[in-house]
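**Q** Let's have the full structure, built from the sequences with the hints guiding it.
The listed protein sequences derive, respectively, from chains A and B.
Just so you know, we're using this note's numbering here: the first sequence kicks off at 1 and counts up by one.
Just so you know, we're using this note's numbering here: the second sequence kicks off at 467 and counts up by one.
None of these hints come from the bench; they were simulated from the model.
Think of the CB as a built atom: it goes at the ideal place given N, C-alpha and C, for glycine as much as any other residue.
Do not rely on the hints blindly, as some may be mistaken.
[Stated by the list, open to error] When the alpha-carbon atoms are kept at most 27 Å apart in a straight line, the in silico DSSO-like pairs for lysine-lysine are as follows:
1) B/K859 - B/K873
2) B/K664 - A/K404
3) A/K158 - B/K859
4) B/K608 - B/K641
5) B/K764 - B/K713
6) A/K226 - B/K873
7) A/K432 - B/K641
[Claimed, not checked] Chain B is faced by these chain A residues, among others (derived, beta-carbon under 10 Å):
8) L114
9) E121
10) H133
11) Q137
12) S403
13) D423
So you can see what is in the structure, the chains are spelled out below.
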Amino acid sequence: TTTTTTTTTTTKIIIPPKNTRVISSKITKGLKLFSSNASSVNKQEVSSEYSPPSLDSPSSFPEWAYEARDFFRYELIYQSEKSLARVGRIHTPHGIIDTPGFVAVATNGALKGLDFRQADEAGQQLVFCNSYHLMLQPGPEVIQEAGGLHKYINRPNKPLITDSGGFQVFSLAYGSVKESLDSEGELKRANIKSRRGDKSFMTKDGPAVKVTEDGVYFRSYRDGRKIFLTPESTVEAQKSYGSDIIIPLDQLPPYHIDRQKLVESVDRSHRWEARSLRKHLEDVKQQAMYCVVHGGVDVELRTESVNYLTSLPFDGYAIGGSLGKNSEELLELLDWMMPMFEQGHRKDKPRHLLGIADEASIQGALVHGIDTFDSCYPTRLSRHGTLLTKEGKMHIASGKRHSKAYGLPIDEGCTCSTCSHYDRAYLWHLFKAREPLFIQLAAVHNVHYMNDLMARLRQDILDGKL
Amino acid sequence: GILYSILYKKMVNNIKLLLHAEDGSFPYLSNHLLLTYFNPEDELVKDHLTIGIAVKDTCVVPLYNTETKVKVLKRKRSNNDDHENENEKDPEVKRQNEIIKPSGYTFDANPLHEMTRLLSGYDTMVVPTFDLLDDARAAIEKDLTAKNKKQKTINGNAKGNNTKVSSIIISTKDKSSLMTPNGVQQISPTMYVEVGMKLRCNAMLSLFDQAHQDDGKRRRESATERTKEWLITCLSALKAKGEVKEKYLWGALSCVSSDEVLLDSINDLTHEEDLLKGIAVIGWHHIHSRDERIKLLKKVEEKVSSETHLCVLAATTLEQFLDAAASGVGTIGTSLPVVWTRSNKAMVSGLDIYNQSKEGRLLGVQECMDLLDDEYRNDESPMLPNCLCLACKNGRHSKAYIHHLIKANELLAQILVFGHNLNQMLVLCQLLSKGRT
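**A** Given below as structure tokens:
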């Protein structure tokens, strides 16, 4: 159904049916927290002049699209009685993903410093490749000619997921998550030079990113050329890649944004995602498409987004958009939002948390029913000399601590090839000497650690501890 | 492709690649990859690879003196790392983040296999460094880059620039100056032997001093003299240790002195031949002309016995590598696999030994392909058909993918290309060793 935000006098709040006391109390808590204390959301009421184009109704999609897929499904193995945590498996054409599971990010079709064989031995199942970067280099046509991404990167027997490029719209316009929080949503000036010194792309609002109803204009960071990304073109690119799971185009607004703009952004994301879905259904190609739920930290908008997107024939749900200014806000958001996914058919589909996979957030989010988490965090840490251990993060740069730590592995009990062969003293030396080998060894360990962590957490759920 | 023609005067039975493993281990390749693709038990590796371990890289340790005032440096935080802000409140983490500056540096070592976790079984050789002049030049370049290269030039006239390079290496009569990652540190022959032995490698090169061909006569002769004296000192130190078998130490030969001094040095070395594993010619690649380089090796070869092993440090081009092999050198030091990798070049040996006359002519050697070139964008073939390296075996990775990785600035590109280049160099050594009858 089409929803419109009303005038200043009334605010419509959509509350799902009160199936359990737990759900309704969480919604109430969320309302109290976010509606009355919305320091991040400007309390300007939505303009009465705003009348967005109508959304695609669920009935406008073919019936067969709502049927279960034979190539992709979520299998529930165990539902915790203590929380919404669950253990399961996602079955894809290229292999199985145990959940809850960690998804390593291979932005350019390669994990930093790691051959995929090493990553597979470290237990890595699903790998995330970024469609935006691959579009610029080498390009969808090259990958398609090679026979698809699995063949191009030579990872034929494990699943891959690609995204649309929505996050890059955000990062180009607002910077990193931290930058956008610090700048309170101020647009970043792009330093992208076009070949001909063409400044027409720079709008008075800022950088070379322009969002329109049809799509979004980028400047390539490689060569400055203009690129127009639409919901349809991003799906076409992902069809060329042949990844197992694909994601529609969405718009990610910053945390600090006035409500009018947030509403417009969420509505636009809904329309884009529906268009992407429609394009995807023209030729499914044994790929599954996840929707991306938006709405910032606004209860009404999040609820609206969940209700609308889960009514469309997506194969899974990704939690995206701005997820709070810190991990406390993230967990509070999940606390009231995730119970909505326990209703009806929503329960049978996998849920993915986009861009967040630090240990604390994983432990907090999986009890709310999140199945997979992606982040470049572990591999990025390895480049900066940080290693993950059961005792916390280890910064290998400290000479006093590690230069003479002969015979001591990074993490006692870790069975990764780095810990089996190398000690901290040597790793310290490699790091100080800026040897590329350090990045490799650190990445192997960190990826192994994350997969071990997820295995322990799965076991904890099965043992009734979570 | 570049064509070479080389005359063989002496067929060398076994040619070894002395790989400049700057940090005591294979660059780019973890033990995990080594076990699979460069297993020390493989004939190719066992017969044709020696790993050169430089003391200047691996054996420098910091000194922490509690009485001295130390500077506490805060670790630079990455702006993108959102998670660290929270963890820094933890005093333990905060303490870990502080880097305490050492009061000085010294040389010390543990057994190599413990220190670098290099798999046992590889043939290894300790060297003080691979080339003092190259180290000094690298230090100058680094300094100039930091201080704005536009303001200074190092390419003055031939006399000017090399004098400047040599002035960085201020060795004394008793100690050699090594350019370590922690600045210039001095090491005596006795300390060098002590540290080198702790590494427990299969062989050791004696400590040497080095001058450039364009330095003054006095400088050149003093470098040769010191190298000779330090060889004697190293031998004495080894004898005093009493643990080492014979044929452990390589005698360094500084090759830039006048003919008389050079011949004297060679004579002195031949007197010690029974004790030495072989003779290593230092700074060979700095000799200006190809003819002079080959002539030098000929002089050395004529003087030494046929059982004496010869080594050169180093070969910086494939042509030099082949020249050394043709001149009877058995161990050739080089960092070509790494240098090519850093330039995105993959070796294409295409080495066809054909039309071999009695003199032994090698024709048709193609050197490298530049994988950054866009012609490889859609090339689905491996770098070299039938190559058994980690990148090419069974057509594993295509040129297109490696080209993409290079363009995307991914480290994996260098790992794959280095694995390929090293494999190809070893295959080249194997082919040169076998020759054709």
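**Q** Does each hint fit the structure? Answer for all of them.
**A** These are the hints, each one checked on the structure:
1. With a CA separation close to 23 Å, the supplied pair B/K859 and B/K873 stays within the 27 Å bound.
2. The straight-line distance between the Cα atoms of B/K664 and A/K404 is roughly 16 Å, inside the 27 Å bound, and the hint therefore holds.
3. A threshold of 27 Å between alpha carbons decides the hint, and for A/K158 with B/K859 the separation of about 20 Å falls inside it, so the pair holds.
4. Of the pairs offered as hints, the one joining B/K608 and B/K641 holds, with about 25 Å between alpha carbons and a cut-off of 27 Å not exceeded.
5. Taking the CA atoms of B/K764 and B/K713, the gap is about 23 Å. The hint holds against a cut of 27 Å.
6. For the hint pairing A/K226 with B/K873, the CA-to-CA distance comes to about 19 Å; that is within 27 Å, so the pair holds.
7. About 26 Å separates the Cα atoms of A/K432 and B/K641, which keeps this hinted pair within 27 Å; it holds.
8. Taken as an interface hint, A/L114 checks out: its beta carbon lies about 7 Å from the nearest beta carbon of chain B, inside 10 Å.
9. Because the closest C-beta pair between A/E121 and chain B is about 8 Å apart, less than 10 Å, the hint holds.
10. At a threshold of 10 Å, the smallest CB-CB gap from A/H133 to chain B is about 7 Å, leaving the interface hint in force.
11. Because the beta carbon of A/Q137 sits about 5 Å from the nearest beta carbon in chain B, less than 10 Å, this interface hint is met.
12. Checking A/S403 against chain B: minimum C-beta separation of about 6 Å stays under 10 Å; hint holds.
13. The interface hint given for A/D423 holds, since its Cβ lies 7 Å from the closest Cβ of chain B, which is under the 10 Å cut-off.
No hint from the list above goes unmet by this structure.
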